[in-house]
Each structure stands twice: as C-alpha cells, then as structure tokens.
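Student: So the sequence lines, in the order shown, correspond to chains A and B.
Each residue of the first sequence is one higher than the one before, counting from 3 in this note's numbering.
Each residue of the second sequence is one higher than the one before, counting from 3 in this note's numbering.
Possibly wrong hints are sitting among the right ones.
Any copy, or any two copies together, can satisfy a pair, since identical chains are not distinguished.
Stated by the list, open to error - Below, simulated SDA-like cross-link-like pairs (lysine to any residue); rule was C-alpha separation at most 25 Å, straight line: (1) K576 with G68; (2) K547 with F673; (3) K604 with D192; (4) K394 with V355; (5) K245 with N397; (6) K576 with F673; (7) K394 with L363; (8) K666 with P237; (9) K52 with R209; (10) K52 with V647; (11) K544 with A424; (12) K394 with I689; (13) K52 with E260; (14) K666 with D215; (15) K404 with P237; (16) K666 with E359; (17) K299 with R648; (18) K195 with V257; (19) K600 with D192; (20) K451 with I689; (21) K545 with M589; (22) K299 with F504; (23) K255 with D322; (24) K601 with P480; (25) K195 with E611; (26) K195 with E359; (27) K52 with D322.
Hints in this document: simulated from the structure, not taken from any laboratory.
Fair warning: this is a prediction, and the values are worked out from it, not measured in the lab.
For reference, the chains in residue letters:
Protein chains: 2
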Amino acid sequence: MSERPMVVMDGNSAVSHVAYACNEVAAIYPITPSSAMGEIADAKMAADEKNIYGTVTDVVELQSEGGASGAIHGSLTAGAMSTTFTASQGLLLMIPNMYKIAGELTSTVFHVSARSLAMQALSIFGDHSDVMATRQTGWALLAAASPQECMDMALIAQAATLETRIPFIHFFDGFRTSNEIQKIEALTIDDMKAMIDQDLVAAHRARGMRPEDPIVRGTSQNPDVYFQGRETVNPYYVATPDKVQATMDRFAKLVGREYHLFDYVGAPDAERVVVVMGSGADVMHETVEKLAADGEKVGVVKVRLYRPFSARAFLDAIPDTCQSIAVLDRTKEPGSAGEPLYQDVQTALFEAVNNGERASLPMVVGGRYGLGSKEFTPAMGKAVLDNLSADKPRNHFTIGIKEDVTNTSLDYEAGWSTETDAVKRALFFGLGSDGTVGATKNTCKIIGKGTDYFAQNYAVYDSKKAGAITISHVRFSPERIRSAYLIGEADFVGCNSEPMLFQYDMVGKLKQGGTFLLNSIHAANKVWDTLPRQVQEQLIAKKAKFYVLDGYDVANKVGLGGRINVIMQTAYFKLAGILPEDKAQAMIEAEVHNTYGKKGDKIVEMNIEAARQALAHLHEVTVPASATSDVPMATLALDGASDFVREVTAPLIQGLGDDLPVSKMPADGTFPTATTQFEKRCIALNIPDFDASLCIQCGMCAMVCPHSV
Amino acid sequence: MSERPMVVMDGNSAVSHVAYACNEVAAIYPITPSSAMGEIADAKMAADEKNIYGTVTDVVELQSEGGASGAIHGSLTAGAMSTTFTASQGLLLMIPNMYKIAGELTSTVFHVSARSLAMQALSIFGDHSDVMATRQTGWALLAAASPQECMDMALIAQAATLETRIPFIHFFDGFRTSNEIQKIEALTIDDMKAMIDQDLVAAHRARGMRPEDPIVRGTSQNPDVYFQGRETVNPYYVATPDKVQATMDRFAKLVGREYHLFDYVGAPDAERVVVVMGSGADVMHETVEKLAADGEKVGVVKVRLYRPFSARAFLDAIPDTCQSIAVLDRTKEPGSAGEPLYQDVQTALFEAVNNGERASLPMVVGGRYGLGSKEFTPAMGKAVLDNLSADKPRNHFTIGIKEDVTNTSLDYEAGWSTETDAVKRALFFGLGSDGTVGATKNTCKIIGKGTDYFAQNYAVYDSKKAGAITISHVRFSPERIRSAYLIGEADFVGCNSEPMLFQYDMVGKLKQGGTFLLNSIHAANKVWDTLPRQVQEQLIAKKAKFYVLDGYDVANKVGLGGRINVIMQTAYFKLAGILPEDKAQAMIEAEVHNTYGKKGDKIVEMNIEAARQALAHLHEVTVPASATSDVPMATLALDGASDFVREVTAPLIQGLGDDLPVSKMPADGTFPTATTQFEKRCIALNIPDFDASLCIQCGMCAMVCPHSV
C-alpha cells in the first residue's frame, strides 16, 4: 500500500478523485455546483489518467441531464461501471431513468452536490431539496458532511452499490461542502482497488446485455404480474443497510476512519438529541461537543445512510436517556405532514412503540434550516437544543431566519460561538475575478503542505460572479475542522479592493487585537484620513494592528496590471507568521509555478517578482487614539425609490439581506423592475474619460454601455 | 339553472368536460391512460365549443410533457386559465416546472390519471407512484375515487386553486377510474360558472405579466434571502384545507353531493379503520358497509385532499373508539421508512400524542395494494381489516399477491364477496378491435338512458391491444355502484370469439343458473359436441341457460364482415330482459346512429339491419344431463421450453399471471428471449392458403409475416 498524501482540495475534487478512478464511463452535463466534478473527470481523461481497471475512463458530455442519465442507463445495461455528477434541476431530469436503473437492480453511483430547486426564484446554492425529490425512486442515499467524507463516502458508495445491487446517490451540501477547500487525506488507487470487489465488478459486467447471450429487459408488465415484479426487490433492500455497514467497516479497517449508518456524538446520557445530515451534522458535532463539555446532556445523530432507512440502526444510535429529539431537514415540502427526515424518525419511534420495543414516545419536533445555503451556525444549533428544553417545544420551526408571517422561527443568540483561539481565522475581501479566491486557495495549500495545520477555505460570492464581492473565509487549526459555517470573528481581515471598505462593514468582523490589511493607493502616513469614520472607530476600539500596501502599484510595476493576489498573499504570510518568512516565500513561489506554469514563463516570472517586492511595500499604520474622519460609509442614492426598494432592494444591495424578515419578501417571487439604477457597484478601477474632440457621433458608446450611461 | 343530465361516460370524459370548460388554454401531450382527456378537449376545440369565459379553449399539443408543462407555466404567467392532462413518466417530466408554478403561487389544475412508473418493467396501468413522486413539489393533491367524483373533484379543484393560489393535481386511478364507464350526473355550464369565482379569475389574470405593467419573475436569490423567500408561502398552505372544505361545501349546496377532506364511512364506534384514497376507497366503502351491517366495528377513512395534509381534519375523521388503523398505499418506495400515506397518518397521531391531544398511540400498520392495476377487491379489504384483529398485526404488508420472498403478503379469502343479486352482472369476451368494447359501452348508454339503473362498464385488455382478449365487465344496479373491481360471478357471460372458449375459463365466471351466449359457427343442435369437456361440465353443474348465435353469418350477410358487435348486443338485450324488446331495439338503433353516423349512411344501415336480423338467429341450446365431449381446453406447445417458460411465461400466456408468486418473477426485470414461439394466439378467423401455382418467389411473404412463418 502506498502512503496516503494529505491534500488540499474541495468536496467536488475529492469526489471526482474517487469517481473517475472507480468508473469506466462518466456521462456528464454541467450544472452548478456539480460541474467541477465532471470537469475534473474530463481533464483526467484528457491526461490519459487510468482508472482502477487499467483503462482511461470515457467521459462524455450529453445534451442535458436527461440525456446523461439515459446514457448511463444504457452504459450500465451494457455492463460498464458508469457514473454521473449533477445537482438541482439536473437531478430532477434524471428521475425517470433513476426509476428504471433501480428497478433493474443496477449498480451505479450518482454523485450529487445537493442544491436548491427553482421555486419562487432560482438558487444556485445548497440544500437537500433535489436529493429529497428522489427519495421515492428506490435509490440508496448516502450523505457526506465534509470534503474528507466526500472522498470517503464516494468510495464507500462505489463499493456498496456493487455489494447490494442498489444504485446509490452519494450527496453532500452544494457549495458548503462541494466548494469548501480542506486539507484532507487522499485515498490511494490501492485503497480503491482494495475496496472495489473485482468479482462483483465481473458480476456487474456479466449482467450486461450482449449479443452472445441475449436477454430481454425493459418489458411491459400487465396487471397480472407487475405488482409481483415490483416486490421482487425486497430482499435486496432489506440486506442493504447491513451491507453498507460492512463496507464501512472494511473501509475503517483499511483507512482508519470509522463510519456508521448513524453516528452519535455527545453526552452518553443525553436527554436532548438533534438528528441531521450533511454539513449541518458537523456543525452540530461541534456544538454538542462544547455544550456536553459544559455539562449539558445533549447529543447529535449524524445520518449517513438515509435510504434505505434502517429504523433499527437509528434507534440503536439514540441514547436510552433521550427524552426529546429535534430533527433538522434542509428542505421544505409545503403542504406535507412534515419534512421527510422528521417523518422517518417518527415512523421509527412509532413502530418501536407499536412493537413493544419502547414504552412511550419521546417528544419529537422538526425544523427547517439552511435552505439555499442559508448559514447554519453553532448558535443556531444551540437554539434548536434550547427549544427542546422548553415546556412546549416549537414544532415545524425554522432556524436561521426571521419568519414573521406564520412565526415559525426560533430566536438564537448570534454571538454564541464554539470558535477557539487555537484556530487561526482570516477573511479576505476581494472582487470576483481579481484572483483573491485563487490566491487564498494557494495560501491553504501552502499551509496545508508546509505545516501540520488543517486548513479550510470557503469563498462567498454571489451569482453575479465577475466584479461582485468575494469573501474568502479561511481557518487554520491543529485539529480537524468541522466549522461548516462562515467566520464570525477573524484574527486577520484583508481588503483587496479599497472601494469595498466604504460599502461593507468588514472591520466589524475583526476580533479584538486583530490585524487589518488594506490594499490602498494611499501611503501609510496618508491613509488614515481617507478611511470612513466607522472604520477608524472600529480600528481604535478593537486595538487593531493596521497595515497598508499599494498592491496596484507593485502589480503595475512588474507588469501584472490589476492582479494583486500574489502580492496580498505574501503580505498575509508575513503578518500571520504561520510559516518562517523564507519558507513562506519559497512555497509561494512554488505555488506560482503550479498555478501559472501553463500560462507561460512570463506570467510566472511577473508573479514571482511581485511576491518578492511585496513586503518592501507593506507598511504598518499607527492607529491614532481617536477618530477624526468625517467620511461616511457609502450609502445608496434612493431618490424616487419605492418603499419596496428602500425596504428590500436596498438592504439586498448593501449585503444586509440576511436580516430581511420573511414578511418583506414577495410571496410569489414577483419583484419590481428598473431597480439596477439603485445599485452603484463602484467596482471599476478606472473610468473612461470622454474626449469630445475625438467623437464622430457614431453612437456606439450608448449601445455598448450596459447601463446606457 | 339548467337541469343536470345523467350521462354514461368514463372518468377521463368526466374530467375533460369540466377541464375544457374551466380553462382557456390546454397544453397537452398524449400518454396512456390520460390521452383521452386531451383528445376530448381537442375535439371540443375543433367543434368550436365555448368555455365558461365565452371563448374557445386553445388546445395545443407540445413535443413532450416537459414542453407541455413549460407551455402551461408560460401561459399561466401570462394570466390565462390553463391546464394539462398527463400520467406516469409524463408527470415526472413536469416536475421541474411544477416547483416553479407552486413557488410562484399560480392557480392551475393538472388532471392526472395516476399510473405506474417504469421500473423493473413498464406498466401502462394504474397506481399512485407518479402522483406520489410529486408530493414534495408544493402542489395540492386532490383524489377522486369514481367517474362521478372525477367530474365533481375536477370542478372543486378548479375552483379551489383560484381560492388558494395553490396549484392542484386532481388525480384518479388510471384505467380503473379513467377508463371505467359509469352513469353519472353531469355538471352543467351553469354549475361551473357558479363555482368559479370570476373575481378570482380576474385576479389571476391581473397577476399575469404584461408590458403595460412590467414586473420581474424568475429571479435568482442568494443565500441571504432565498430561505426567507421560501417561507413566504406558509399562510397560503395553512389556509388551503379550510378553503378546499369551503369549496366542497359550496359545491354540496349547489349540486347536492357532499365531500370532506377526509370522509368516514362505517360503524360509528369502529375499532378497526382503514385509510385509503382513490378507487380503493370505494371498494373499502362497500366492504365496511357489509361488515358493519353484520355488526363488525370497522370503518374507512377516504382521503380526498392528500396535500396539504390536514392533520386536524384527519384526526377528526377517525372515530374515538378506533384502536387500530391500516393505511393502504397504492405505491411502493423501496428503502423508505414506510409508504407516504402511512407515514402521514403516523405523523398526525404522533403529534397528537406529543401535543397532549391523545393519551396514546393506536396500532398503525401500512400496506401496499393495487400496483400496476392489480385488483383490489372487498375480499382483500376484509383481509386488511382481519389483519388488524390479529394479536400482532402484520406491518408493511402487501395484499392481492403472493409475496413469498420476504413474506409480506396477507392471505385473503378470494370467494368472499359483497355483490348482491340486486346488481346485474355481465361479462363480454371479445378480441381487441372487434367492436365488443364499443358495443358494451353503447349497452351501458342504452340502459343508463332507458332505465333508472346505474351502469358500470370496465374493459380489461392487455397492452397488446388489437387482437388480444378483451373482457368487458358490466354491472347494472338500482344504487350507485362502488364496485371498482372486476366481476367475480356474472349473471351473463357472452363469448364473441369461439376460439377463446378453448383458451379462457370464461364459463367458470358464470353464476349458478346464469346465461351463456356463444357466437358460434355451429348450429344449436350441433354446437354441444364442439365444446371442450370442461365447458360442458360447467354448464351442466351451473344449470346454465345456453344460447348460440352465428354472428359472423349475420354480419357477412348484411355486409359487415367480422363486425358482430351490434348483433351480440341485441341478443344480450333479449336475454337480459332489462328493457322491453321494442324499446331496446329502438334504442340500439339510436345508438347505432350516434356511433356510426359520421361513417356514413351505409354503415349505419348495415348495423341497423344486423340488429334487426340478430334475434332470428338466436337459439337456445338444451344442455344435456351429462358431458360427452373429449375435446380438451387448449394447451400450449411447450416442447423444448425451459423451466422458466413452463413456470412463468406459460401461465402469463394462459391468463394465469395473477397466480404467479413473487418468487417466480425475475428480480431485475430480465426475461429470456424467443418466447413468442410459445404463444399461439389463434385470433385469425381466416388463414391464407398458399397457392404454389401463383408464386413468383418474390420473397415478400417472409418479409411481411411478423412471425416469419
């Protein structure tokens, strides 16, 4: 067995690493946030990378997800090990083929970065609505909660589908897990070969249709026998939970990480228990660890195998002392008796009482959280547990928003945190396409490789992408990081775009005594007076260390234009002090080679030069004792705006949408037109000057300006 | 108000009657068994029939159900009252648009003849798998149990969707209800105008997008507000059950038929209760009526509004004396904690205990029935109730099949029946496309119009259609007919195709003293010796009256070729004696005009002539005291057949598939090839003679013969 390398990668990359290696065919169609899985597989094929069967996997893009699922059905029916990657509406289009694949007891894994569905509005972000819309198809559903689990569960699913003949959806939270970068242990090709039983692969191939040994599938069955034909699969589903557990046990023996169908964490004598799956499970893990350490009798059941739902394994996971249970669903099914995981927990307990296994029912309540990648934090997790301590716990609640229409939302204490000083936290504010996100990813790689720290990086950006704000949330920790939520207070805040300082309260995220680095065109002795008063006051009150660096000047001089990312990265390493300066410098240069090598020597040289010059331009600013500025934070020009624009559109533009209560949102997704006029994004470094002497009145300017200025 | 006519029509026709009138646009795509709804709407448009808004509804066929649902989404967004009709995979393709339509709170009704989904095999027949695959979309789901309810619920759904702004699926059992012909009371245009609130129609139109008053829909929402946007709909769903009940109450006041969200039937002090929806609810109605009359403390809750699921209304419907509940689901979700209606019932009861409304849980078990139009009879319903009397009632059971793999099936006493002598029952055996089904439909119309009898006609035919056996199950009853299952014992059995007598045990279905009519080329004094011995024995043992008629001879003489349907129909009227002979004759002739009028005077005249000549060729056969024949029933030539063909294919061909246990069926839908060689269907009246003297050895014969004879 070769040694397992520690790598820094996101959930999508972790999945694709396994899925490519374990399959011979991947039929793909891109949809956010799953696209990277297909793209990585495609790149591996282009690089002639071999799968565990010794061949190059055939990665083919179809015309839609309907076509991709049909192609996979065909490929499976021909006996090939086959997979696909999708999310959201893409998964919905696969449903008809999924029924057939399950009905024909065909081994396959679809890897799904779970995403919201378009209802009142589209959302490209994460929740479990798509996966839950397939729970009736007869597929197994296996959840991963983190990038490490993405890699592990991808392999467990690939092995278990062969053991069980049940097709698997392996899913994980879109964006929160698919796009979160973590330092994880990579499984090796040897691991995959050890887990995938070649006899079962041979049996799968033998079930394929071929002219030498013709069989008929896809028949039509009449009322006389269709029902009987539907019930033939029962023993396969009955056997699946145990076979998945056996596969997990084999994996644990091989790799060392233990998983169970339901994993319990918390006080052994817990009275209040939360049941949850996906990345929320890691958040609850962190939450109950802190609360249990403080003596609270709380715990969490992390759901791994959601389908087939093993009531026995679930009941075994709940401590006997448990008196009340809160079930968290990351989906909403309007008009249902309750969300799906909530109902499954009730069914398991109901049957236990009916069977005489339990004397009485515990209190069980259900709630919704995290729809469309709404944050789910330990503070919210604590509120869910606190609700269980109430005389009459609220049921069918929501957590994480203010729901003031039917008043379902639980209050939570936003400031409550599980973060410790052992974890280094940094926030980098940049603009989409300015290189900040990529540089931060490299920063994680450097620290991941160069130290024993675990690293996590999650970039927040909105669906406008280029030119919109990006905030990279970076943690370094001596322990495995389960904080699948944004940083509340950071040791370090870096602002790569000065105009944003006037629009976003970024220094508000800085912790007491933290470091603020500003990319500024102003010199260290001039910059103070240019800051908004609010920022001055915050820096003083927080006793912050404040640095400036004119990244644009450095970048311009070495020929990089506006690409300041490597410069700011170098400054971060200097200020964070995680690595010795010379080691950091060497590793930054190595990553420059990795990242820009394909773009040619010149780009590499310019970036290396930028990194070398950066520190000479980094200057500490002495923070005065009192604020002097009369510069205000940016406000929106709302002249003539309607109440709706003032109350809804304006907070959305200002990044305050999280605070909007439900009552402010249109019930049916209908919005007023002509509101872009209120969004002055101020993202251009330079604005063209109109030179009347050159104008020939062609009129093209009015055509080309998207805002008709 | 105009008087409501009694009409004889199937569920599809009943729905289309309402759906066409209440909508301005119908985007359609055909799929069995929903196609007739779209076809009827199309024909109404072609005939310039006006809807209740005074316009001709625009019926347009799209390229697939995906397109149909997209067109409806667009049409609704433009403010038009819009509908579609679909089933099975067609409904699955609509799911992405359904989420959007619900998210935008858009009023519409999709009328769905619920059908199985293709899994181990395709099935064109009925169950609730398709509808259940949409239960998470946020649509209301309203079930009809019979053709009368199809018409009523179609209108209630059309009215309620405007009241609630929640889109509705109105569904009913594919084939069993969609294709079952019953005598029902037709709603009038005045009824529809009275139920559809024009102010709400105006409000629906006003929400439409138009250039004069531009709005934005279909936006993208980011993690800041998507969750809040998703929760805005809560008050609409909370209000829906009461609004649907209010709509039902308005309907009852107007029309006289009362419906509730959940309708209870049975003993007021019932201890054992079944919960079920769709046509199975009528079967259980009939079952518990008989059992309760016999003193058993049993009842049934018929589910009308499945989504939004009103726990309060459900709990109110259950008698306080109830100790155990069996929930019947007409779907299978492998790997689930339980089927959906079962889980919803559990959730309602669980919450009642948690809330302190109930002291303890009743016993609740769930079972599957009727998949792919598998029969569900009172005998099976009784077995479900009997199971609740057991010490440990079986849970997750199946009923109606022998499930000998995981042993979930309940035994039932097939002979137990709720049928009474007040109901006249007739079975007509014909061949697909021979006109039997159409003639039987006309028979029902004649008796429906000419008498006070209620009429029911359900034709069983397999998916081979033309040339395959068709069995028309006809009931006439002084009371409303709830027998949504095949006839067990008939007063009359008519065989329109003599070769079938050797293949199917049709006289076995005749009750003691019943009448058997055979279309035979043999004269009355010769026919006895041509019968198989089994048929002779049955006729003797049952003291049957036996008649023959050479329908082909009559048909040939009047120029109708093989079209014997009107001839056999005339004989039935004579033998059944339901109408005076002259009245029957006049009404048969009137129906001939209705049915064949469009095909020209000659066809009409030939059929009328056939009807007039028929009775002269009808002869009673004296049944001897003992059987003399040594003619056996037909057997299959199974030389060289595998065990699988002998044990599975042969019973399938012989019409004995219902008796096949689950263990005999392939687990994954894989069948051997080359088995049509064992199916000699013997359906041709004439077989071509090969005349060697004319052959030019062109070889076309080998090309054109589907069996390469």
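Student: Next, verify each hint and record whether it holds.
Tutor: Results of checking the hints against the structure:
1. In this assembly of identical chains, K576 and G68 lie within 25 Å of each other by CA distance neither inside one copy nor across copies; the values are 51 Å within and 57 Å between.
2. In this assembly of identical chains, the alpha carbons of K547 and F673 never lie at most 25 Å apart, being 43 Å within a copy and 75 Å across copies at closest.
3. For a Cα distance limit of 25 Å, the shortest separation of K604 from D192 qualifies neither inside one copy, at 39 Å, nor across copies, at 81 Å.
4. In this homomeric assembly, K394 and V355 come within 25 Å of each other (Cα to Cα) both inside a single copy, at 22 Å, and across copies, at 13 Å.
5. With identical chains, the CA atoms of K245 and N397 are at most 25 Å apart between copies only, with a shortest distance of 24 Å across copies and 35 Å within one.
6. In this assembly of identical chains, the alpha carbons of K576 and F673 never lie at most 25 Å apart, being 47 Å within a copy and 70 Å across copies at closest.
7. Taking the shortest Cα distances, K394 and L363 sit within 25 Å of each other both inside one copy (15 Å) and across copies (19 Å).
8. In this assembly of identical chains, K666 and P237 lie within 25 Å of each other by CA distance solely across copies; the values are 14 Å between and 51 Å within a copy.
9. In this homomeric assembly, K52 and R209 come within 25 Å of each other (Cα to Cα) only inside a single copy, at 24 Å, whereas the closest approach across copies is 56 Å.
10. With identical chains, the CA atoms of K52 and V647 are never at most 25 Å apart, being 55 Å at best within one copy and 44 Å at best between copies.
11. In the homo-oligomer, the alpha carbons of K544 and A424 lie at most 25 Å apart inside one protomer (20 Å), although the nearest pairing across protomers, at 91 Å, exceeds that limit.
12. Taking the shortest Cα distances, K394 and I689 never come within 25 Å of each other, neither inside one copy (60 Å) nor across copies (80 Å).
13. In this assembly of identical chains, K52 and E260 lie within 25 Å of each other by CA distance neither inside one copy nor across copies; the values are 28 Å within and 68 Å between.
14. For the homomeric pair K666 and D215, the shortest alpha-carbon distance between copies (21 Å) is at most 25 Å, but the shortest distance inside one copy (64 Å) is not.
15. Taking the shortest Cα distances, K404 and P237 sit within 25 Å of each other only across copies (15 Å), while inside one copy they are farther apart (46 Å).
16. For the identical chains of this complex, K666 and E359 are neighbours neither inside a copy (48 Å) nor across copies (35 Å), given an alpha-carbon limit of 25 Å.
17. Within a single copy, K299 and R648 get their C-alpha atoms no closer than 45 Å, and across copies no closer than 63 Å, so neither meets the 25 Å cut-off.
18. Taking the shortest Cα distances, K195 and V257 sit within 25 Å of each other inside one copy (13 Å), while across copies they are farther apart (70 Å).
19. Taking the shortest Cα distances, K600 and D192 never come within 25 Å of each other, neither inside one copy (30 Å) nor across copies (75 Å).
20. For the homomeric pair K451 and I689, neither the shortest alpha-carbon distance inside one copy (41 Å) nor that between copies (83 Å) is at most 25 Å.
21. When the C-alpha separation of K545 and M589 is checked against a cutoff of 25 Å, the pair qualifies neither within a copy, at 31 Å, nor between copies, at 100 Å.
22. Taking the shortest Cα distances, K299 and F504 never come within 25 Å of each other, neither inside one copy (45 Å) nor across copies (75 Å).
23. For a Cα distance limit of 25 Å, the shortest separation of K255 from D322 qualifies neither inside one copy, at 29 Å, nor across copies, at 54 Å.
24. Proximity of K601 and P480 under a CA criterion of 25 Å is satisfied in neither setting, with 35 Å inside one chain copy and 87 Å between copies.
25. Taking CA atoms no more than 25 Å apart as the test, K195 paired with E611 passes in neither setting, with 44 Å inside one copy and 80 Å between copies.
26. Proximity of K195 to E359 under the C-alpha cut-off of 25 Å is found in neither arrangement, the shortest distances being 42 Å within a copy and 56 Å between copies.
27. Proximity of K52 and D322 under a CA criterion of 25 Å is satisfied in neither setting, with 49 Å inside one chain copy and 67 Å between copies.
Consistency with the previously given hints fails for numbers 1, 2, 3, 6, 10, 12, 13, 16, 17, 19, 20, 21, 22, 23, 24, 25, 26 and 27, ordered from lowest to highest.
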